[in-house]
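Taken in order, these protein sequences are the chains called A and C.
According to my numbering, the first sequence is numbered sequentially starting from 3.
According to my numbering, the second sequence is numbered sequentially starting from 3.
No lab work stands behind these hints: they were computed from the structure.
Only a predicted model underlies this, so the values are computations on that prediction, with no experimental measurement involved.
One or more of the hints may lead you astray.
[Claimed, not checked] Over 10 Å on every C-beta distance to chain C, these chain A residues come out as not near it, computed from the model:
1. Y106
2. Q109
3. S125
[To be verified] Which stretches of chain C does chain A cover? Using the computed rule of at least three CB atoms under 8 Å from a CB of chain A, they are:
4. 189-200
5. 215-223
6. 228-236
7. 277-291
[What the hints assert, rightly or not] A few chain A positions that, by computed beta-carbon distances, are all more than 10 Å from chain C:
8. A31
9. G41
10. G46
11. D52
12. T54
13. E91
14. N96
15. S107
16. G111
17. V112
18. N124
19. P132
20. A140
Each residue gets a CB set at the ideal place from its N, CA and C atoms; glycine is no exception.
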Amino acid sequence: MKKAKNMGLLVLLAALIFNMTAVAAEARASQYFNEYYCGISTDGGKIKFDLTVSGRSVMSKIGASSIAIYKSDGSYVTTLYASSKGNEEMMSSNTRFHYGSASYSGQAGVTYYAIITFYASNSSGSDSVPYRTENFTA
Amino acid sequence: MKPYQETALGRSPISFEHFSTGELKEMLRLSAESASGDRDMTGRILEELLRREQSEPTVSPPDAEQAWKSFQENYLPNARDITLVYDEEAAESRRGADAFPQTEKGRKRPLRFRSVLARAACFLAAMTGVLLVGTTVSYAAGFELWKNVALWTDEIFRIGEGGTDDSAAAHSVAPQLLELQELMTGDGIGNPPLPGYLPEGWEAEETVRHEGMRVINYHCIIRTAEGTEPMFAYTYDPEGSSNAIYTKDEGNPEPYFSGGITFYIMTNAGEYKCIWVDGKCECLFSGMRNRDELIKIIKSIYEGE
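Looking at chain C on its own, in the form it has when it is part of the complex:
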């Protein structure tokens, strides 16, 4: 099989050579997330990444194999002889060898109690450390450990889990979005999360509804006085998250809280976009150049104008 096939639109991927390293990493992440997993595909992506790393090394990572070998050879054999830093029982035992003998009654019981406390403290400290490091690593990888609702890389963003509650929006809708509101309420979305405020000079240019096999998509293009075209996009999925992928610039999304909803603000090619979930609606507002206006619009969804 050829690594790719020529089509009228260019090369279409059969092997993974076609994908960029970033895309491969994303596919690796998606493959790992997949419920049933796919070892073969994961293996092939890893092989391709390894091949690229070997042909064009970008970093000099520590040799994990060597580190593990060193750990086994140098640390583990001595671990039996090494006491914990806060192992008071062992320390006391060592001190006791050089000190006056003590009675069993006077020494053992308090030491054991302190030892248990010290070990518990060590365990708690270690667990805290692991959780902190885990959180940092997860956040660096674009995964919210504490609230598993959003996943992202430097290139893309997606909602991890859909919402289930009804919309919390309760106010008047901006006149430019009345057609969109009508379409959404017509599909049974009782309280569409639409803003009550849009800046002056904004007009709805195109409002589209599309009913797919499982989801209903709504798109509304706005024409601004400056000639830009911000867009509202809503995906109504009765079963939860749509698994839609949103493009973004490098960096972590900025969470913004309004009306009990978390908005994820990010940029794509320099333009702001924000993504949020309200009930069974996955919502996107993109194409904004002014962050202050974006915040004003966001606030008008749940907090009124």
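For reference, chain A alone in the conformation it holds in the complex:
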């Protein structure tokens, strides 16, 4: 019985150690991004995304390729694409920095979050990274 108890404790310890090592995510430094950030302001249902991205060098394209908007319960609402008309400010060309914005008319009082895909490309290739915003109420 003592052996079984020790085994149980050992397994628990192993699970703890596994938990410690499992947090080591796959390493992937970015050759393209330096920093990225999105601030959000709301006004009576109107949501504005304030995008800031800086690249490691001048990029042929840099900014946010998409902003997927969800309600706080996880239900999908819509996606704003840089390629869509009216969203041109989501992406810049031939620059190292991008300061842009995008807007969406949500429902006043509803809480949302967004997953933004930041994008950068140059002659060597491209990279995209996700960024989840905090929850915000329109």
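For this one, chain A is given, so just place chain C on it according to the hints.
Relative to the frame of chain A, chain C by itself:
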């Protein structure tokens, strides 16, 4: 709904299949950190991670369910009969059964006192162990338990909480950064945390200011004699942390202390970058290849040249 949508720029994520495992783990962490939480999203990320793990197992983790079952079946039923290792009262009781009887007065009181002490010691030892393990786990996960200001994974870094104190920098600014200084002081940042030293041959190539809805961004690109382009970036946020994400290589950032400020030094694609918070400014200096020069620059911010 399709798992993704084709756009001119490629696939844009609707489901989580688009994200790498590392990104999903980061999103899981951010989701968990979110004040209001999001069980559905967390659940969907976990489902996707589980699906990947089942299709391409990378490790063989211990079976937690089996371990718990074993614990319940093999350990708990016997726990009532098992005394603590340092439970002297029980041990004495066992010994007492084989020994000469003692008087109540001579035995009980000191034993209880020792027992309380022993239990307190056990409790303290256990708590210390839990805290040590917790700290180790937290540090491995890139979260400073003792000073909740920085969070990181193997790929990204961010400041957890913004500062509130005024800048501690107090000295002359390197001539290449005078334009940047002027922009920052013009916005009411009284004492911008700019270095007083920059290596010879460094020239400011581009200085940019952008006022967003909440924050003001300043970027200054430097051109070096070697042709590299280090960058200073400052985010002034009157409300605190900007939640900016900084890319990095695998491994823990190296904390470096200067002038009462903690600088987090890390690399991204082999180039050094350091991030720190000064008052309501979140500061980044990136693109350095020489660590000694980086330290010299850092020191010149708060300690002078």
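These are the hints, each one checked on the structure:
1. Y106: Its Cβ never comes within 10 Å of chain C, the nearest being 14 Å, so this holds.
2. Q109: Non-interface label on Q109 of chain A holds, nearest chain C Cβ at 17 Å vs cutoff 10 Å.
3. S125: holds, 16 Å
4. 189-200: violated (count 0)
5. 215-223: holds (count 6)
6. 228-236: With 3 residues closer than 8 Å to chain A, the stretch 228-236 of chain C meets the three-residue bar; holds.
7. 277-291: The restraint on the stretch 277-291 of chain C holds, since 3 of its residues have a Cβ under 8 Å from chain A and three suffice.
8. A31: At roughly 4 Å from the nearest Cβ of chain C, A31 of chain A sits no farther out than 10 Å, so the non-interface label is violated.
9. G41: The claim breaks: G41 of chain A does not keep its Cβ more than 10 Å from every Cβ of chain C (closest is about 5 Å).
10. G46: holds, 15 Å
11. D52: With a cut-off of 10 Å, D52 of chain A comes too close to chain C, as the shortest Cβ separation is near 4 Å.
12. T54: violated, 6 Å
13. E91: holds, 12 Å
14. N96: holds, 13 Å
15. S107: holds, 17 Å
16. G111: About 15 Å separates G111 of chain A from the closest Cβ of chain C, which puts it past 10 Å; holds.
17. V112: holds, 13 Å
18. N124: Non-interface label stands for N124 of chain A: nearest chain C Cβ at 13 Å, farther than 10 Å.
19. P132: The assertion about P132 of chain A is violated, with a minimum of 5 Å to chain C.
20. A140: holds, 14 Å
Hint compliance for this structure: hints 4, 8, 9, 11, 12 and 19 are broken, all remaining hints hold.
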